[in-house]
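Enquirer: The primary structure of each chain is shown beneath.
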Amino acid sequence: MKGRVLVVDDDTALAEMIGIVLRSEGFDPVFCEDGDEALGVFRQTQPDLVLLDLMLPGKDGNEVCRLIRAESGVPIVMLTAKSDTVDVVLGLESGADDYISKPFKPKELVARVRARLRRSDEPAPEHLTIGDVTIDVPGHRVERAGRPISLTPLEFDLLVALARKPWQVFTREVLLEKVWGYRHAADTRLVNVHVQRLRSKIENDPEQPEIVVTVRGVGYKAGVTST
Amino acid sequence: MPRLRGTGRLLRARAGRRLRRWGHAWRSSLQVRVITTTLALGLAALGTIGLYVGERMRDGLYTGRVEQLLTESARSTAQAQTTFDSSNAQTAVDVQRLLQEVAAAQASGGTGEREVFLLRAPGEQSSLSVGVAGSKLALADLVSDELQRATAAGGQHWQSVAWEVDGHVQPAVVVGQDVTVPQAGAYGLYFLYSLQAEQDRLDFLLRTLAAAAGALVVLLGGMTWLVTRQTVRPVRRAAEVAERLADGHLAERMPVRGEDEMATLASSFNEMAASLQDQIRRMEELSAVQRRFVSDVSHELRTPLTTIRMAGEVIHASRDDFDPAVKRSAELLQTQLDRFEDLLADLLEISRFDAGAAVLDADSRDVRDVVLAAVEHTFPLAGRRGSWLHVDLSDSECVADIDPRRVERVLRNLLVNAVEHADGSTVEVVVGADRAAVAVTVRDHGVGMTADEAQHVFDRFWRADPARARTTGGTGLGLAISLEDAHLHGGWLEAWGRPGRGASFRLTLPRRAGIRLTDSPLPLVPQDADPPDPVTRVVDRPRTDPAALPDLGDEPSTDPRERQEVR
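Protein sequences, first through last, are from chains A and B. Read left to right, the first sequence gives residues 1 to 227 (my numbering). Read left to right, the second sequence gives residues 1001 to 1567 (my numbering).
These are calculated hints, taken from the structure and not from any lab test. Bear in mind the structure is a predicted one, so any value in this text is a computation, not a measurement. Just so you know, even glycine gets a beta-carbon here, dropped at the ideal spot from N, CA and C.
Residues of chain A clear of chain B, computed beta-carbon distances all greater than 10 Å:
1) GLU37
2) ARG43
3) PRO153
4) VAL160
5) LYS201
Using C-beta positions, here's what the derived DEER-type ranges look like:
6) A:ARG66 / B:ALA1274: 46 to 52 Å
7) B:PHE1322 / A:VAL89: 40 to 46 Å
8) B:GLU1243 / A:ARG66: 49 to 55 Å
Using the sequences and the accompanying hints, generate a full structural model.
Expert: Dropping the structure here:
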């Protein structure tokens, strides 16, 4: 069993089709058709990933996303028909890790799901530091000044990618490839939104970031380690 | 001296400027024109009337006074003659005394101040010479010889003279009449009267008149200003409101006051504006509904399309298990789904343009790189079609503020279109640049098109030959989207074609937002097209506001391009 995927979509035909594709790839899909029930189903089934349609009866996708994110760092991938609107940014700001715009191909769906479920399988003990932030990579723990910080797996991956090469400036495209697993240029709003989310958790003052520093016109890099 | 001349020039220049400003005010302001005309006419009328009235007043005062003086002096002369006649003076001394007495008596005998002279008539032959007598003999010079001679001939004569008193010249008249003095013979008795009092009165009257005229002119000017303002102000206001309306402030209205013609104008104007606003609003609503509909349809189609797409993929993946007919069906399903998806994507893109939701993600990029990327993308198709791609890049840099995604899409569209219509001939791509713009032309030597067709190639879903096989794919929206992309950059996308001689497309993009294109660095009509066809400019109005950024100027380009072949 590669993983349990919760598909929250009111379009039963699409949900079923997604189920067929996921099952053929060895995933274990569970379904929910209503925004109001999504959280209950989520708690009950404890999925490894959530595929979430933005337009739902009852609570809308963003609301569901916020509720799930409030209690879990589970990867959330949005399904959206309007990739060019503010809906996407709203969804990402509600805590979604990635999105797929309709219409998508089965391979694309599977690749997105795999990318989010792929856990770092480097067993070697690795400890990284940026400033006063310490990262225990195999233990998935992050502390700032001795105080533990809870990050979602995606935020964790983003921080680790920056911390592993503190001398390097990462463009948004490179981060999209390293953290999200995109081969080709994708929506750089993903990076912007998640850097903001990460900063709001680890920075003392997110307006004056010290850990994840913006390099104007290029991208992001890890802050200076004061050791 | 040169300095003086300089000053003169300066003054002339200043006067010239003032004149030009005045000329501008004259042309541009109805009020200035009306006031100026009224004042000029008023001044002319007042001047004429003033001259006439002044003349009449002078005449009246002067003539009356002179007549009175003539009567008075005639009476005085008669008195003097009586005195002379009754005198028995014999000696020169006696006669002299007599003359003195008469002169003194007459000097104080008039109604006003007057001077009296008794002058011996010219040509008097009497042996007794007693000379002259008078109240102020120093003034006897004022009596001209002419008058003396006329008087000697007999009768009453008079003449106007200028009497200088204390260095001040006042008008006066000299009235003379002949008298006979015992022993001494013929004499002339002359009275000198000052007319200063009359002059003073006249001056006063004229001054009053002038003051009244001045006041009248000022009043006239003020009245005209007021009246024209009443008429001009609503007109000006109407012009302002019309301008605001034209600028898109459709809620702008004119204030309606009273029930006069201006109020009628204002209310008619407002009615017009209201109906205009209503029409525009209705049209906007209609087109918004339509745009919304297209966008909604496109979005709504996406969910079922996703399901179909996935189902198709699953079926397609296991097509080898089916019998040949089903297998082929699965393949057809797959390719047509691709086409359907492309169409939907293009439809959505067009609806985004229509909704004004398309945003330019501009970046400073060398257009040559974008051209090469698009060319690279077209290689496989060109290879399949047996067409060569001949690329001629400008040697100088072609950096412009462009949205690379959109420009590459335009170029891909043009290249694919050219390769598909080239029928195996070479497709030529040329890049050129000048200071203001960067241009790319894509030329093929295929079937070509008529000038009429060239006008329609950017129409949505337009096909040159409806019967032409649609196997080449394409959604029919590609060139329409390309045109919108060019518009979005404030650029041009133009087409040229001749049947059997191929077609040429030219994309011209301004180097920076705000540059208004006036011409393109490259010709649209190929040099081998003879005779050259008139170009139909499809796009000539950039949507971006050219006032937003400074102009680069339009210096001629010095851009020696060297031919370079890329394959």
